[in-house]
Amino acid sequence: MKVTPQYLSEQISSPTALMVWLCTLSLGAFVLGVLIGSDGFENPQNALNNSVSLSIIYDIRLPRTIGAWFAGALLGLSGALAQGLFRNPLADPYLLGSASGASLGVASVLVLVGAGGAAGNSSWALKLGLSSAAFLGAILAVTLTLILSKGVQHTLRLLLAGIVVSVILGALTSLATILNPQITQTMQSFLLGSTNFINWDSVLLLGSAWFICSVLAWLLSKALDALSLGELTAVSLGLRLRPVRFILIAALALAIGTSVAQTGLIAFVGLAAPHLVRSLVKVTHNWLILLSSLMGALLLLTADLGARILIAPEELPVGVLTAVIGGVYLLCLMYSHNLNSDSL
Amino acid sequence: MLDVLSQLEFRLLMTQTAVSIQRVNAYHGALQVLQDIELDIKSGQWTSIIGPNGAGKSTLLKVMACITTFSGEVVFPKLASKNFTEKVKARHVAWMGQNQMGADDLSVHDVAMLGRIPHQGLLGSPTAEDRRAVEEALKLTHVWDWRARNLKTLSGGERQRALLARALAVEADILLMDEPLANLDPPHQTDWLQIVKALISKGKTVVSVLHEQSIALMSDEIIVLNCGQIYHQGASSDPSTHRAIENVFENRIRVEQLDGRWISLPKMISDT
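If you read the sequences in order, they're chains A and B. Each residue of the first sequence is one higher than the one before, starting from 1 at the first, in the working numbering. Each residue of the second sequence is one higher than the one before, starting from 1001 at the first, in the working numbering.
Hints may contain errors.
What the hints assert, rightly or not - Distance ranges between label pairs, derived from CB positions:
| no. | chain 1 | residue 1 | chain 2 | residue 2 | range |
| --- | --- | --- | --- | --- | --- |
| 1 | B | 1123 | A | 27 | 26 to 32 angstroms |
| 2 | A | 27 | B | 1142 | 41 to 47 angstroms |
| 3 | A | 24 | B | 1211 | 52 to 58 angstroms |
| 4 | B | 1123 | A | 311 | 33 to 39 angstroms |
| 5 | B | 1256 | A | 88 | 27 to 33 angstroms |
| 6 | A | 16 | B | 1135 | 22 to 28 angstroms |
Because the hints were derived from the structure by calculation, they are not lab data. Beta carbons: idealized from backbone N, C-alpha and C, even for Gly.
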């Protein structure tokens, strides 16, 4: 039996079936995530009887696993939103400058605090400062993009302004890193992304952001469907594009700001999740945003497991794995589509 | 002022006007695309807009649909209130653009259902009425049998019919179509004509921008547009309309009668 996208899409014909699949797989990954530690798989029976194991599970692995799920869900959701909003399958949720804004925020705090140590040594206050700086940086960068593009009216102008903001803020971040070489290591771990620092507070933040953004996206899913036929058609159907775009961009900024603040820049989940969903089922946006969330969550959860297992007891940065897994799968998808039809 | 407006509206209602365009100017950047357009589109008729490339036909249609920026006024006499909402207007006027790309991942049925957005709430699922309208539109355009297929898998003409179904599903009183025959083979062009005739017989108003002049000559009225201005407006059978068409196309075509129908033929240099 060969598991090709075609095979899978024959098995998973309805969005409900895909949802059940994604939830089941997530649950499996969740159980593994809770039970696998730096010294391998733990017998659940033993863990329940050992208070040290229990506290490790409760204080470290449980929030990390749940948080990774929410962070992945936020990335998948924002990928679907960005691709729908910009009517471009290559749209990445880090467009509009949010990623470089978050990086600059983190770099600024590190320079100001003069933190020489690696992220592992950072105090709780520094961690909170970094998360807030990343969040604020992302939101401010998107706001700057909106100002430069003179509002949300023109998609192309928005995209170009986003690129300009990304390039300039990215250059400033590089400059800060070169002038303060002691922050390089912390910056590097932020840029690669990590689920290491997720605690229960982060879980609450990630969960609330996911809930708010999902509701907003779901309310506007019909508008996203209409937009797929072009902006003029959407307007001719009585949709008011300006508020729709504004709310979607706000949701995008909230989703990316929150996930970047808690986990750093995790590559590819946002771009790949909606594509993986679309390769399996053909759905309208109300389903796409939900399924992309679930797919992103599963991707990040699996990658996080891999990151913890592959070179245990050391850990890989999860962003490296998401990039590899997502990239390889997208490549497979592209090739299998190319073999069967002329267009992807 | 109020009296003047109500008089105007009264006149428009009396003359059975579906759309009235007053003092409309439109620009693409610095370029003026439409210049002082004054135009009434008759209700319950099929009007075609023809003219050379770049004459402003598509822009004029977008002005009628109120989906582009312009100065001046567009009045829909049948809409009770002058301050109608976008949604009310969207139920009254449907617009179909030319060469619309996108929506590749949606099924034909989903695309047609988009036409029901003006009738739906933000979240409500399709009602029985929505389903009926969509089914009717899909059957009229002969795409019902492959309603589950994705737009991506369709040929240009099939795609065009799916998009036409989307516009029909709105069930608007006024249907504006920009080059609806693009990519359609002759049998499906005939189908399109039948759809238009059926709409007119139900009292709807159809406005189409057409490059197929022989088909445009089958409409009730023709608007000849040239350089952003109305060059001529008249019945399609009127000789002055035919001369106007020949003129704006630099007399390189001629309108002739064949079997009781008016057709437009390209004129070669040898045909003097």
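- With respect to the beta-carbon atoms only, verify the hint that residue 24/A and residue 1211/B lie 52 to 58 angstroms apart. 55 angstroms, holds
- Query: Can the suggested window of 27 to 33 angstroms be confirmed for the beta-carbon pair residue 1256/B and residue 88/A?
  - Reply: 48 angstroms, violated
- Whether the CB-CB distance between residue 16/A and residue 1135/B falls inside 22 to 28 angstroms: With Cβ atoms ~23 angstroms apart, the hint holds.
- Task: Take a look at whether the Cβ-Cβ distance between residue 1123/B and residue 27/A falls inside 26 to 32 angstroms.
- Result: For residue 1123/B and residue 27/A the Cβ distance comes to about 29 angstroms; the hint holds.
- Return holds or violated for the Cβ distance of residue 1123/B and residue 311/A against the range 33 to 39 angstroms. 47 angstroms, violated
- Task: Could you tell me whether the CB distance from residue 27/A to residue 1142/B stays inside 41 to 47 angstroms?
- Result: 46 angstroms, holds
When the structure is compared with the earlier hints, violations turn up for hints 4 and 5 and for no others.
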